[in-house]
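Number of protein chains: 2
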Amino acid sequence: MKNNRYCVIMCGGVGSRFWPYSRSSKPKQFIDFLGTGRSLLQMAVDRLKGIVPDENIIMLTNEQYAGLIMEQLPQLKKDQILLEPARRNTAPCNAWAAYHIKAKNPDAKIMVCPSDHLILKQDEFRRCALSAFDFLDRHDALLTFGVKPNRPETGYGYIQLGEHAEGDFAKVKTFTEKPNEELAKVFVASGEFFWNSGMFFWGVDTIIKAFHDLAPDIAQRFDSAAQVWGTAGEQAYIDENYASCPNISIDFAIMEKAPNVYVQQVDFGWSDLGTWGSLYDNSPKNRDGNVTQNCKALLFNSHNNVIAVKGDKLVVASGLNDYIVADVDDALLIVPKSDEQKLRTYVNEVKSNFGDKYL
Amino acid sequence: MKNNRYCVIMCGGVGSRFWPYSRSSKPKQFIDFLGTGRSLLQMAVDRLKGIVPDENIIMLTNEQYAGLIMEQLPQLKKDQILLEPARRNTAPCNAWAAYHIKAKNPDAKIMVCPSDHLILKQDEFRRCALSAFDFLDRHDALLTFGVKPNRPETGYGYIQLGEHAEGDFAKVKTFTEKPNEELAKVFVASGEFFWNSGMFFWGVDTIIKAFHDLAPDIAQRFDSAAQVWGTAGEQAYIDENYASCPNISIDFAIMEKAPNVYVQQVDFGWSDLGTWGSLYDNSPKNRDGNVTQNCKALLFNSHNNVIAVKGDKLVVASGLNDYIVADVDDALLIVPKSDEQKLRTYVNEVKSNFGDKYL
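Taken in sequence, the protein lines are chains A and B.
Residue numbers 12 to 370, in our numbering, belong to the letters of the first sequence in order.
Residue numbers 12 to 370, in our numbering, belong to the letters of the second sequence in order.
Careful: at least some of the hints might be erroneous.
No distinction is drawn between identical chains; accordingly, a pair holds when it is met within one copy or between any pair of copies.
Said to hold, decoys possible - No more than 30 Å apart at the CA atoms, straight line, and that leaves these computed lysine-lysine pairs for BS3-like:
| # | residue 1 | residue 2 |
| --- | --- | --- |
| 1 | K324 | K89 |
| 2 | K368 | K321 |
| 3 | K362 | K220 |
| 4 | K368 | K115 |
| 5 | K182 | K321 |
| 6 | K324 | K196 |
| 7 | K296 | K362 |
| 8 | K307 | K115 |
| 9 | K89 | K189 |
| 10 | K13 | K348 |
| 11 | K182 | K353 |
| 12 | K368 | K296 |
These are calculated hints, taken from the structure and not from any lab test.
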């Protein structure tokens with residue numbers, strides 16, 4: 012029997028928040044970030060076992076990362092890797108994936124996952140994902156995972172539950188931006204708000220209809236070449252036309268506007284690993300509270316640091332508390348963890364002083 | 012007319028106090044430490060111009076550094092480089108240099124210099140050195156430079172002036188070890204105490220007689236092969252016998268015991284560059300008080316640091332004050348400047364954890 016379950020993994024991000032550990036030539040998702048021997052992308056694919064067959068996995072990425080993907084995921088065939096010729100955020104690429112997959116299987120249900128998140132409880136994740144696919148069989152839904160919050164995190168967006176549908180599923184009442192701490196506390200205490208995980212499930216027809224209704228300027232670009240999807244001409248058409256798509260996120264273009272958006276309440280040990288702080292929180296610490304990411308370190312009178320240094324390098328530090336130390340090739344970063352919101356500014360300074368050399 | 016003035020430059024030290032900037036494979040004296048384009052050793056040789064002719068310069072070093080010396084000082088002939096087959100501190104090597112030079116010129120006067128110090132006022136240095144050689148013509152003296160102190164430095168040994176001889180010259184009353192701060196203040200206020208620079212002047216006969224009188228176990232080893240000095244057989248004899256010399260400093264073996272020890276009071280902007288702190292003090296600073304040794308750095312809200320990073324590496328730091336950051340090849344050091352006395356301990360920890368790999 013044909014397997015209708017597909018997974019689209021978005022892995023084209025640049026990820027300046029982990030500079031210099033993550034570089035534009037090899038962003039976070041391609042790095043063995045947790046020292047497990049597998050990159051975050053490989054871990055994202057590994058955890059699909061028992062949910063989606065290998066041949067139904069589709070990579071959405073920027074063309075510059077094609078080589079990295081083929082190297083890290085040799086089990087994929089070339090036509091499973093969709094290469095974006097330009098960065099247009101998450102709406103256009105998800106439209107492309109839907110048209111591409113529909114041409115192969117008009118009954119496809121698609122799970123959309125980021126490639127650089129952490130999920131600790133694999134079994135629970137599998138149970139939730141299978142349950143989500145199952146939900147799509149009975150509902151014409153755009154579904155998202157809402158992660159049960161365990162703290163008033165201000166770094167995530169939140170989803171407010173609306174009308175109950177069944178089991179752990181409900182309609183979405185609102186999507187909210189990152190709240191301040193006070194508001195985040197109210198959200199968590201209410202029991203009504205869940206973290207927006209950026210993982211989605213939808214049937215191909217459901218999402219394509221949503222594009223028609225809510226983002227017709229995107230849909231039109233894909234409709235006008237109905238014959239190319241799934242053929243050898245597809246990439247050429249994309250190379251020609253993709254850059255003219257509007258630069259817009261799937262959340263903003265579709266999820267926040269569609270009438271049939273549902274949320275599944277999940278709790279499988281999720282982190283977006285979006286900041287050094289979340290990496291710190293999710294990594295094993297030594298007795299001084301230091302995370303020595305994958306490296307050799309002799310730390311004296313030093314506590315609660317993240318030390319991320321590539322290769323066989325030795326770090327000797329003393330009197331260092333609550334810092335991020337990241338050393339990779341030709342760049343060394345030493346900043347307080349409390350400064351991590353400024354990292355983007357620092358990286359911009361690097362760019363304005365030295366161009367792309369160190370990015 | 013034959014030039015009787017010789018200079019022996021001691022450049023065999025290992026220098027763990029600047030680890031990892033200085034490594035045992037390329038210690039401090041061979042590094043362009045101040046970003047001038049010349050290594051400290053090259054600067055030591057450069058400043059002999061007008062004092063000692065090139066062909067009268069003798070290098071005393073460990074055999075492992077022969078290649079580095081020939082590379083950095085191509086003007087030297089091979090027989091100007093004396094290669095110690097073992098580390099035996101400064102007494103045995105100065106005995107060797109004296110016997111070696113006497114064989115070439117029995118009237119030689121020798122100036123002995125370290126290779127890793129800083130001297131800012133070259134002209135004044137030259138004046139003092141010429142004056143020192145001149146003094147040796149009239150006195151059977153073991154002479155040392157005493158540097159006029161400008162602060163109560165606790166990192167140097169001190170020389171107390173004794174009976175006045177002539178001009179800036181006096182007999183030495185005592186050599187003292189590094190004082191504590193209170194004592195250092197008394198020393199400086201007295202006007203009687205000068206920093207022990209580790210630079211010496213003596214005639215070959217004077218120093219050889221001193222070895223006979225005060226360190227006969229060393230003298231005997233050199234006397235017993237009177238025929239080899241200055242010949243092709245010299246190195247073979249040294250290779251065979253040098254390691255059996257006692258491990259002792261010239262200060263302890265000779266200078267602190269001899270009756271004819273003089274001090275010349277000098278003031279030519281001297282530092283032994285013995286610590287990161289003295290490097291910091293002697294280097295140009297930006298307006299935030301940071302010394303960025305030879306490297307690219309973007310420093311935010313960071314003050315009074317020494318950043319020493321080799322190559323084309325970029326350092327981005329924030330919230331860092333009064334630290335030493337040294338990054339070289341496979342080692343990164345981040346320690347408060349106030350911890351620099353503990354550096355030796357840290358380096359020992361490196362050795363006990365990783366052997367010689369990072370030294």
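For each hint, the structure was consulted:
1. For a Cα distance limit of 30 Å, the shortest separation of K324 from K89 qualifies neither inside one copy, at 36 Å, nor across copies, at 37 Å.
2. In the homo-oligomer, the alpha carbons of K368 and K321 lie at most 30 Å apart both inside one protomer (18 Å) and across protomers (17 Å), since each shortest distance falls under that limit.
3. For the identical chains of this complex, K362 and K220 are neighbours neither inside a copy (41 Å) nor across copies (66 Å), given an alpha-carbon limit of 30 Å.
4. In the homo-oligomer, the alpha carbons of K368 and K115 never lie at most 30 Å apart, since the shortest distance is 42 Å inside one protomer and 56 Å across protomers.
5. For the homomeric pair K182 and K321, neither the shortest alpha-carbon distance inside one copy (45 Å) nor that between copies (58 Å) is at most 30 Å.
6. In the homo-oligomer, the alpha carbons of K324 and K196 never lie at most 30 Å apart, since the shortest distance is 41 Å inside one protomer and 43 Å across protomers.
7. With identical chains, the CA atoms of K296 and K362 are at most 30 Å apart between copies only, with a shortest distance of 24 Å across copies and 33 Å within one.
8. Neither within a single protomer nor between protomers do K307 and K115 lie at most 30 Å apart by alpha-carbon distance, with minima of 48 Å and 53 Å respectively.
9. In this homomeric assembly, K89 and K189 never come within 30 Å of each other (Cα to Cα): the closest approach is 38 Å inside a single copy and 71 Å across copies.
10. Taking the shortest alpha-carbon separations for K13 and K348, neither the intra-copy value of 49 Å nor the inter-copy value of 67 Å comes in at or below 30 Å.
11. Taking identical chains as interchangeable, the C-alpha atoms of K182 and K353 are never at most 30 Å apart, the minima being 36 Å within one chain and 62 Å between chains.
12. Taking CA atoms no more than 30 Å apart as the test, K368 paired with K296 passes between copies only; the shortest distance there is 26 Å, against 33 Å inside one copy.
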